[in-house]
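Peer 1: Working from the sequences, and respecting the hints, build out all of it.
2 protein chains.
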Amino acid sequence: MELFEEVEVEAYVYPTEEVEKVKKAMLNLIPELEFEAFEKGDRVLLTGKTRSKKALQRLYELFRGQAILDTARDFLEEGYFGEEIIIRVNKQAAYAGVVNFNEECPLDPITIVIKTKDPQRLMRWLAPRTKDGVPIE
Amino acid sequence: MELFEEVEVEAYVYPTEEVEKVKKAMLNLIPELEFEAFEKGDRVLLTGKTRSKKALQRLYELFRGQAILDTARDFLEEGYFGEEIIIRVNKQAAYAGVVNFNEECPLDPITIVIKTKDPQRLMRWLAPRTKDGVPIE
Numbered sequence: 000m001e002l003f004e005e006v007e008v009e010a011y012v013y014p015t016e017e018v019e020k021v022k023k024a025m026l027n028l029i030p031e032l033e034f035e036a037f038e039k040g041d042r043v044l045l046t047g048k049t050r051s052k053k054a055l056q057r058l059y060e061l062f063r064g065q066a067i068l069d070t071a072r073d074f075l076e077e078g079y080f081g082e083e084i085i086i087r088v089n090k091q092a093a094y095a096g097v098v099n100f101n102e103e104c105p106l107d108p109i110t111i112v113i114k115t116k117d118p119q120r121l122m123r124w125l126a127p128r129t130k131d132g133v134p135i136e
Numbered sequence: 000m001e002l003f004e005e006v007e008v009e010a011y012v013y014p015t016e017e018v019e020k021v022k023k024a025m026l027n028l029i030p031e032l033e034f035e036a037f038e039k040g041d042r043v044l045l046t047g048k049t050r051s052k053k054a055l056q057r058l059y060e061l062f063r064g065q066a067i068l069d070t071a072r073d074f075l076e077e078g079y080f081g082e083e084i085i086i087r088v089n090k091q092a093a094y095a096g097v098v099n100f101n102e103e104c105p106l107d108p109i110t111i112v113i114k115t116k117d118p119q120r121l122m123r124w125l126a127p128r129t130k131d132g133v134p135i136e
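Residue numbers (numbering that gives the first Met the number 0), protein chains in the order written: chain P, 0 to 136; chain F, 0 to 136.
Hints are not guaranteed to be accurate.
Said to hold, decoys possible - Heads up, simulated BS3-like pairs for lysine-lysine below, C-alpha to C-alpha not over 27 Å straight-line: (1) P:LYS39 with P:LYS23; (2) F:LYS20 with P:LYS39; (3) F:LYS52 with F:LYS23; (4) F:LYS20 with P:LYS20; (5) F:LYS23 with P:LYS39; (6) F:LYS20 with F:LYS48; (7) F:LYS22 with P:LYS23; (8) P:LYS52 with P:LYS23; (9) P:LYS23 with F:LYS23; (10) P:LYS39 with F:LYS22; (11) P:LYS53 with P:LYS20; (12) F:LYS23 with F:LYS114; (13) P:LYS20 with P:LYS114; (14) F:LYS20 with P:LYS23; (15) F:LYS20 with P:LYS22; (16) P:LYS22 with F:LYS22; (17) F:LYS52 with F:LYS22; (18) F:LYS39 with P:LYS20; (19) F:LYS22 with P:LYS20.
What the hints assert, rightly or not - Computed beta-carbon distance windows for the label pairs: (20) P:ASP117 with F:GLU33: 52 to 62 Å; (21) F:ASP117 with P:LYS39: 38 to 48 Å; (22) P:ARG50 with F:GLU76: 49 to 59 Å.
Don't read these hints as lab results, they were simulated from the structure.
Where is the CB? At the ideal position from N, CA and C, for every residue including glycine.
Peer 2: What follows is the structure in structure tokens.
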């Protein structure tokens, strides 16, 4: 069984923003996205989907490189319902290639939805619990 | 005596935003601005200044066109300290050419600073109190 079936990413593009920059922010976290854009009043809802097996590789590396495995695990556990895991990350940090779970105003989040038949297995792989900074799962 | 000496406008440009779009939002409210940009970490602080006598003409018209004279007056009174009147307006609404005093997340405000020797006179001119929608000052 695959670790996950699909990853969906969503963010709003506000009037003073550039669609291409928001796409770049999303791709910095989840590569190989196929985008769609939907007009929502003065904003654009930008969605991206991928079924690539490498979709979560960058997040996997960032969680380790930034030494935030336990924080990431907490947010994954909190965002897990049924066969979906939903996390929200800071769009501006993503533009700089960094994961930040702080959705602080005025930065509006990027929402990442991971579809998986086995959320526990996915979470153990993507963000294992650590002790003294070393994965123990 | 002039109604005001100078108008300064400030806003942050976030990484996913376009400087030119934020400039446009500012110019939609206050024309003839001379801009300066300052790097502040991952953001840019964009400031604009003008001493044009027509600097507040657009706000004058918008307050009347949008029928928000009393609301505008309340915000002007609240933002008045010494010889400065400071108001904050919604950046995304400004991009659409509309004044909105709601600085709601995630839209980050544009700050407008009006420098005037006679704030009371300026406020009576820019946003007179109304009765049944008709100015009474």
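Peer 1: If a hint holds in the structure, say so; if it doesn't, say that too.
Peer 2: Outcome of the hint check:
no. : hint                              : result
1   : P:LYS39 with P:LYS23              : 21 Å, holds
2   : F:LYS20 with P:LYS39              : 19 Å, holds
3   : F:LYS52 with F:LYS23              : 20 Å, holds
4   : F:LYS20 with P:LYS20              : 13 Å, holds
5   : F:LYS23 with P:LYS39              : 21 Å, holds
6   : F:LYS20 with F:LYS48              : 17 Å, holds
7   : F:LYS22 with P:LYS23              : 22 Å, holds
8   : P:LYS52 with P:LYS23              : 20 Å, holds
9   : P:LYS23 with F:LYS23              : 23 Å, holds
10  : P:LYS39 with F:LYS22              : 23 Å, holds
11  : P:LYS53 with P:LYS20              : 22 Å, holds
12  : F:LYS23 with F:LYS114             : 22 Å, holds
13  : P:LYS20 with P:LYS114             : 25 Å, holds
14  : F:LYS20 with P:LYS23              : 18 Å, holds
15  : F:LYS20 with P:LYS22              : 18 Å, holds
16  : P:LYS22 with F:LYS22              : 22 Å, holds
17  : F:LYS52 with F:LYS22              : 20 Å, holds
18  : F:LYS39 with P:LYS20              : 19 Å, holds
19  : F:LYS22 with P:LYS20              : 18 Å, holds
20  : P:ASP117 with F:GLU33: 52 to 62 Å : 59 Å, holds
21  : F:ASP117 with P:LYS39: 38 to 48 Å : 44 Å, holds
22  : P:ARG50 with F:GLU76: 49 to 59 Å  : 57 Å, holds
Checked against the numbered hints above, the structure breaks none of them.
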